[in-house]
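With the sequences and hints as input, model every part of the structure.
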Amino acid sequence: MVEDTRGIDRTALVILIVGIAFILAPIVIAFLTATLSYEEFVSAGGIGLNVGSSFLDNMRRIFVETQLPGQLWNSFVISILVAGIKCTFAFTATFALVFYDCRWSRIIFALTIATVMLPLELVVITTYQVVANVAMPLNWLIRITGLAWLSERIFGTMPDFNLSLLDTYIGVALPIATSSTSVFIYRQFFLSLPKDLPRAAAMDGASPCRFMVDVLLPLSWTPLVATFMFWFIGGWTQYLWPLVAAATPDAQPAVVGLAKLANAEPDDIPDVPLLMAGALFVSFIPVVLIGVMQRQIVRGLNLSEK
Amino acid sequence: MTLADNSIALHEVRKTFGDNLVVPGITAEIDGGKFTVILGPSGCGKSTLLNMIAGLESVTSGTIRIGAREVQDLAPKERGCAMVFQNYALYPHMTVRNNIGYALKVAGVPKRERCERIKASAESVGLHGLLDRRPSELSGGQRQRVAVARAIVREPSVLLYDEPLSNLDAKLRQGMRMELTRLHERIGATSVFVTHDQVEAMTLADRIMLLNNGEIEQYAAPSDLYENPATTFVATFIGAPAMNLLNAEGDGSGIRLPNGTLLATMPFRGPVTLGIRPESIEIVPDGIPCRNVYSEDLGSHSIIVAEVADGQKLHVATPLCRRMTPGETFSVRFVEDAARLFDPTSGKRLQST
Amino acid sequence: MRSRLVLVAGAARIASMTRGFYTGRLSYWSLVLPILVLIVMFFYIPVALAFFWSFFLERPFGGGSEFVGFQNYGRVLSDPEFWNAMWRTLIFMVVAPGLAIGLSLILALAADRSIRISQAARNIIIWPKAVAGASIGVVFVFIFNPFLGIFAPLNEISPGIWNPRIDGADAFITVVIAQIWNGIPFNFIILLSGLQAIPDMLAKAAAMDGSGPWRRIVDLQLPLLTPQLFLTFVLEFVGTVVEAFGLIDTMTEGGPGGATNLLIYKIYVDGFKAYDLSGAATQTALLMMFVIVMVILQFRLERFVKYER
Chain S
1 MVEDTRGIDR
11 TALVILIVGI
21 AFILAPIVIA
31 FLTATLSYEE
41 FVSAGGIGLN
51 VGSSFLDNMR
61 RIFVETQLPG
71 QLWNSFVISI
81 LVAGIKCTFA
91 FTATFALVFY
101 DCRWSRIIFA
111 LTIATVMLPL
121 ELVVITTYQV
131 VANVAMPLNW
141 LIRITGLAWL
151 SERIFGTMPD
161 FNLSLLDTYI
171 GVALPIATSS
181 TSVFIYRQFF
191 LSLPKDLPRA
201 AAMDGASPCR
211 FMVDVLLPLS
221 WTPLVATFMF
231 WFIGGWTQYL
241 WPLVAAATPD
251 AQPAVVGLAK
261 LANAEPDDIP
271 DVPLLMAGAL
281 FVSFIPVVLI
291 GVMQRQIVRG
301 LNLSEK
Chain V
1001 MTLADNSIAL
1011 HEVRKTFGDN
1021 LVVPGITAEI
1031 DGGKFTVILG
1041 PSGCGKSTLL
1051 NMIAGLESVT
1061 SGTIRIGARE
1071 VQDLAPKERG
1081 CAMVFQNYAL
1091 YPHMTVRNNI
1101 GYALKVAGVP
1111 KRERCERIKA
1121 SAESVGLHGL
1131 LDRRPSELSG
1141 GQRQRVAVAR
1151 AIVREPSVLL
1161 YDEPLSNLDA
1171 KLRQGMRMEL
1181 TRLHERIGAT
1191 SVFVTHDQVE
1201 AMTLADRIML
1211 LNNGEIEQYA
1221 APSDLYENPA
1231 TTFVATFIGA
1241 PAMNLLNAEG
1251 DGSGIRLPNG
1261 TLLATMPFRG
1271 PVTLGIRPES
1281 IEIVPDGIPC
1291 RNVYSEDLGS
1301 HSIIVAEVAD
1311 GQKLHVATPL
1321 CRRMTPGETF
1331 SVRFVEDAAR
1341 LFDPTSGKRL
1351 QST
Chain Z
2001 MRSRLVLVAG
2011 AARIASMTRG
2021 FYTGRLSYWS
2031 LVLPILVLIV
2041 MFFYIPVALA
2051 FFWSFFLERP
2061 FGGGSEFVGF
2071 QNYGRVLSDP
2081 EFWNAMWRTL
2091 IFMVVAPGLA
2101 IGLSLILALA
2111 ADRSIRISQA
2121 ARNIIIWPKA
2131 VAGASIGVVF
2141 VFIFNPFLGI
2151 FAPLNEISPG
2161 IWNPRIDGAD
2171 AFITVVIAQI
2181 WNGIPFNFII
2191 LLSGLQAIPD
2201 MLAKAAAMDG
2211 SGPWRRIVDL
2221 QLPLLTPQLF
2231 LTFVLEFVGT
2241 VVEAFGLIDT
2251 MTEGGPGGAT
2261 NLLIYKIYVD
2271 GFKAYDLSGA
2281 ATQTALLMMF
2291 VIVMVILQFR
2301 LERFVKYER
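Chains S, V and Z are the protein sequences, given in the same order. Residues in the first sequence are numbered consecutively from 1, following the working numbering. Residues in the second sequence are numbered consecutively from 1001, following the working numbering. Residues in the third sequence are numbered consecutively from 2001, following the working numbering.
Because the hints were derived from the structure by calculation, they are not lab data. Mixed in with the good hints, there may be bad ones.
Keeping only pairs whose Cα atoms sit at most 25 Å apart, straight-line, the calculated DSS-like set for lysine-lysine is [to be verified]:
no. : chain 1 : residue 1 : chain 2 : residue 2
1   : V       : K1077     : V       : K1034
2   : V       : K1105     : V       : K1119
3   : V       : K1077     : V       : K1111
4   : V       : K1348     : V       : K1313
5   : S       : K195      : V       : K1077
6   : V       : K1105     : S       : K195
7   : S       : K260      : Z       : K2273
Computed footprint of chain S on chain V; a stretch qualifies when at least three of its residues, placed anywhere within it, have a C-beta under 8 Å from a C-beta of chain S [claimed, not checked]:
no. : stretch
8   : 1074-1083
9   : 1098-1106
A partial selection of chain V residues facing chain S, derived with a Cβ cut-off under 8 Å [said to hold, decoys possible]:
no. : residue
10  : A1054
11  : L1056
12  : Q1086
13  : N1087
14  : A1089
15  : Y1091
16  : P1092
17  : H1093
Ideal Cβ positions, reconstructed from N, Cα and C, are used throughout, including at glycine.
Structure, rendered in structure tokens:
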């Protein structure tokens, strides 16, 4: 188009520079501070633009003095579990909801989507109760069905099962994985496919499961990769739930470890260089992931179609 | 295998979706080895019928036999049918080779045999050198060929087509019609072809089953359908422009318009619908008076839309490419052998004609 | 009769298009069951339990539960600290999303223009999405430290002008700024995707009608972006209620003097520090009802912003 866009383009340029500066400022400050030694930091009297030479030393201290490296591994495992569970469960369920003829599908779809409305953080108290004993519903069931009464008569004891998932990877991951936005994303994607595909597969003799594995799975690669990355990052950045579900430092993910580290520092002049190095250490993997995979994630989530 | 082995017998086949009756009960025989077209307007139940033959829809009641076997309760792969879909339904992530060979792979055919059959099938539809492409890299016509190759690779006894040409442009469509006819002659499978396009039906079919609201209006050879439509529905559905239908009255010796103009000399008494094809109307110096409303010159012939005395419209096809101005009057004559009489209330053709 | 049949056939056609194709019961339920068990166990049971405990009192020393009717609600609703926390939550819910979405919109409109920097901006602006709220808190508490941070020079000129450790308003502002930093990426992605989905043809048509690029923002882009704007508001409202926790826990711990004690943080402290299960559950139930009402209200508004594209 022949159009004079210099004015608006110049304004856009200024806006974007300011925006990028706002986003990068904390990262740059954290990085600059992480290059200082504690003594350099104290003598500089706070924030500044000096570049020190202690970055590697601070990183070494993280490995020697803190539990962050082990907790980074916890974060990694928990995030993989969250993303893996979310993607596989949502994929199989959405396949059934879209490609099967069942009158329950509407209700099940509504039940899964409703989980998006109330975030996990809102119900941590009672989620903690459930994870502290995942056999609790089983006990209710036994009591309601009268099996408890029966066993009391026969064995003289009430059965009371107890299985705590606190301080375990799976116990931290499962409640995070309940939010089912993926179902919505996969559904939109499946509905955009040619509607005769399952029929063609049926004519070719493929069973529903064969169709899911041979046809649907390879076709869904883009949204699957995107949602996996997205939930991996989502699992990594969780804070409140892992804070309560993992009480021992050995089980805590890195974000919780970092916050504990910060809270343990004295208030007047904390060891800020170490904390900043820790913040970078904890955030490095997901930030690189989002920087590199940005295109795939945005395209796969298909946010433009609502 | 003799040809009769792949005939399809439908007996009282019914289909309901919830409370909706879509196919109220069809009984018919589809000849083995022949090309049968199921024709009808959209929503007439023709695709449902095809899907029931394929096994993609269950029948609500009734039986379907292919050859000697009763198949209505069998899975699609056990029926010996193959299908070409409307939007091709090719697997977008597979190469042409894997698309064609997927059915064989599922069936566990050894790799060596698979390769040979894929190659033979692809060559028979003219897909040389495209085996390693993805569907997205092919033109519409090529995708159509892949869909056909995928269907014939299993050497089915019955080949089903669900409006496969509706996505192609007019020129490609004619080419594909010719190729499908040749393919049919070569492989000799029973072909059932669903379409709403009467030109496809007329050109491809050995026999046309014309459906309306789930019921068979007429089941006959194309020429029969054209010349002797069983109902006014058939008369208007087949032919472009359609057969003219005029409300008229028989006085025992001739069929006349309400104002008395004689249309044809036929021994019939009482109210009647007279059907006449546009090309069976001749422009003559002296005959039924008409007034031109609109005319189209198509080069090879022209179509004139005219009004007869009481305002009823009449389409006239004439090889004389006459330019006519709107409002000009002229007169025509009906070729009497071609005129057909229908019952004005039931729409059924009266047997005397 | 005939016209009715045509209608019926048409309806069946639509029905058959939306209906799934496969029919197997067993495979259907085995595909759906994992997610059902997951959400029932770890979502619906906790939600139900929260309501359960809001009507029951936990007997001390693990002696089971005792039904107390609306007593818990009475206790919570007559506690001024609950209303303070609720009120602060409400202010936070209006201020932080409003600013985050407004800034995201401006950035998205700028990044939608094809200038050289927009590719880089589209990438960098979403980085904070990958940083946990708690990590941001650790960094921002340093940046806004009254003696070490960026406002330290101000305090040297006029001592006490900026001190989030003492001044509640200052503390609130730091949490809001950190929340905006964290909230921009997701809103930015949604709004930018929305802008890019506006057909090019429309911009050309508007240009032919004499509308310049500035004018098109108001006349074309913003109206067509309303569904995405609406979506960001829905997500941000619910999000800010809970996301602030990581920031508050690392930056202010609810202080000073409760100035940043939002309801989500209060529930955590009541439940896990003061071991008041029933009180925390009651506040959870109230907060859930509040969120549900907000979401329903927002979806009531939705029909005003839907366009067929």
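How the hints compare with the structure:
1. K1077/V with K1034/V: holds (22 Å)
2. K1105/V with K1119/V: With Cα atoms ~14 Å apart, K1105/V and K1119/V stay inside 25 Å; holds.
3. K1077/V with K1111/V: holds (20 Å)
4. K1348/V with K1313/V: holds (21 Å)
5. K195/S with K1077/V: Measuring from Cα to Cα gives roughly 19 Å; hence the hint holds.
6. K1105/V with K195/S: holds (22 Å)
7. K260/S with K2273/Z: holds (16 Å)
8. 1074-1083: holds (count 6)
9. 1098-1106: holds (count 3)
10. A1054: Constraint on A1054/V satisfied, holds at 7 Å.
11. L1056: The hint holds - L1056/V has a Cβ within 8 Å of chain S, the shortest such distance being about 5 Å.
12. Q1086: Since the shortest Cβ distance to chain S is 7 Å, the answer is holds.
13. N1087: holds (5 Å)
14. A1089: holds (4 Å)
15. Y1091: This interface hint holds because 6 Å falls under the 8 Å limit.
16. P1092: holds (6 Å)
17. H1093: holds (4 Å)
The structure meets every hint from the earlier list without exception.
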